[in-house]
Amino acid sequence: MIVESKEDIGQEEIQKFYDFCKKSINAEVAAYLEACVRCGICAEACLFYMGQNVSGSIDPFLTPAYKADLLREIYKENYTLLGRVKKLLGFGVKITSEDLREQIKLAFYTCTNCDRCTKACPMGIDTPRLVSIVRGALTYAGLTPKDLADATNLSVEKGSPLGVDIPTFLSRIEFISEEYEVDLPIDKKLSEYLYIPSSIELMKFPSSVAAAGKVLNKSGVNWTLSTIAHEATNFGLFAQSKEVTKEMLKRILDGAKELGVKYIIAPECGHAYQSMRFVAPNVFPEEWQFEVLNIVEFIDRAIKEGRLSIKKKVLKEIATLHDSCQIGRRGGVLREPRSVLNMLAENFKDSVVIPEHNICCGGGGGVLVIKDADYYRQKGFISKMTLFDKVGAKTVVCYCANCILALNKSSQELNRDYKFVSIVELVAEAIEEEEA
Amino acid sequence: MSDVAFYDFVRGPFLKLALFVFFIGIAYRFFRVVFLGLPKDYAKPKGNPYYMALKKIVIKPTMGWTFNEIFSRRAINFMGGFLFHLGFLGLTFLVPAHAFLWQEITGLPIPGVPNIVSDLLAYSALGSLIALTVHRALNPVLKLLTGKDEYLANFLIGAILFTGILATKWAGGGFYVWILSTHMFLADLLILYIPFSRLSHFVYYFLSVGFMGWNAGKRGVSF
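Chains as they are written, first to last, in the numbering used here: chain A, 1 to 436; chain B, 437 to 659.
Calculated directly from the structure, the hints in this document are not laboratory data. Every residue gets a Cβ at the ideal spot worked out from N, C-alpha and C, and that includes glycine. Do not rely on the hints blindly, as some may be mistaken.
To be verified - Subject to a maximum C-alpha distance of 35 Å in a straight line, what follows is the list of computed DSBU-like cross-link-like pairs (lysine-lysine):
hint, chain 1, residue 1, chain 2, residue 2
1, B, Lys584, A, Lys16
2, A, Lys76, A, Lys204
3, B, Lys491, A, Lys76
4, A, Lys105, B, Lys482
As the list claims (entries may be wrong) - Computed footprint of chain B on chain A, listed as stretches where at least three residues anywhere in the stretch have a Cβ under 8 Å from a Cβ of chain B:
hint, segment
5, 55-66
6, 77-83
7, 123-135
As the list claims (entries may be wrong) - Here are some, though not all, of the chain B residues that point toward chain A, as calculated from beta-carbon distances under 10 Å:
hint, residue
8, Ala454
9, Gly483
10, Thr498
11, Arg572
12, Pro576
13, Thr582
14, Gly583
15, Phe647
16, Met648
17, Gly656
18, Val657
Please construct the entire structure, taking both the sequences and the accompanying hints into account.
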């Protein structure tokens, strides 16, 4: 199960990469691979390409269509008549170790699976889907970038990519409960809702966990945390390791089943929501019978049902919204944060007319943890900044802790003074101020 | 070979051969992909995948237009692509000479557009094709993505458009049949070539955009 990060790339790795790509083809993938008309419009939608462009240089190799080209060649020589003939005549794909090194850069460093290119593509090609296959093939060949492999392995061994094991989890919850004066129930049997934080929140943004607790308590639902299901993040998705994805989801499944919950509330974490809402039902088709809501979806629903109300506008300055790609553009939660933020901010200025146009933080898909990808993350942030500056906002409201972490990091590295805040924390603040 | 014999050849057996290869080839390309099958998706849909798949098939090419910054950088692609497709498809089916041919093949009454509309379609298609080809040759991203296939297809289509305009406006006396036959010969070649090239993208458009729309509907994404 351990995800490897080999230095040397030999014939065995190349063969494994090839085999994985070959067996990952189905009708949907083949349609995407065949449909590309080489127009390159996807490049203009990619935050990394855009950032590089804004900086004054053009790197055509950042074009999303190009990132799937090796996969396309493998598809052709295995599934098309002409490709097979070419292979038979000795003109098949010849993959070198350098090609795979380039694939690592293309799939892991310069793609966050943000899906913006899909929206701009006139042929509707889901490039994140194709890049995910390349990532899976590299992981299968033992070629996951080291930083990502280490974090992924740590999540399997300890229960979280930041090494949060059960004793650490319990002590952090106790600390947060005391520090922020909030009741955080753990392992409460027959609860209706299970809230699972991410370790980023737990360790780096404890106020976010406290805020979620306050909101859940205020809404009056019967909820709990779980020691077994204590980590929402799923690094298996970043590495595209099916085994790790399944293992991390199994822990959530076990925890949720033990407590008998009906709903699982995913935290402010993009891939956590993706994995629980859209991946888990396919990993455990029989057993996964929970309704999964993102915390922002939950808040919006609670407001509409009259269980929560926000009457206090806690943001006075100009504020804009940063969308988490996996919760928003790929998860369908785009209207909810806007509706909630309109209640919280006196001067909310959306930087995009169509929410799906928003730009990624640059650190999604595991890019944040890969040190060698820092250069690209910063370039991506330059694209992102153009949106903040367009509306003149220094305060940026987010609904993903990984986004906040990535944006903060890039902002500091580039000496910017943007402030990134969690929407759930703002909701909790509004509730508290109202009560006070 | 006389001009009339050449005309008869390109209008008769060669056209039949081209159409035969075209239909077989396109069917093969379509079903080759469809028959690969799909894994079952057990995740409960948030929206209506069927509706979104259909909606996307109708509107997808214009979705990119809504990205202002992309449009401003790639106006040639968007405008040129739109004008080219409009011109090329309009010419293929609605020019009086072609409408007559389609009417003969299908038996359905197909009205041809007035000559002025035909001319506009032809010049916009040829002009935008030239602009797109030059752009392809100069833009660094497109240079990376472009292979021989794209240039061959563009050359072939350009030659068809040019000879078509030439035949319509012909004032060169006795070579009319030759120029018309050349136009038809090149069109036959194009029909033959489509199943072997990226020009068959129109087949995959419905699949690719359909899948993308399906996923958007499944995830409750409206755009």
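message: Check the structure against each numbered hint from earlier and tell me which ones fail, lowest number first.
response: 2 and 8
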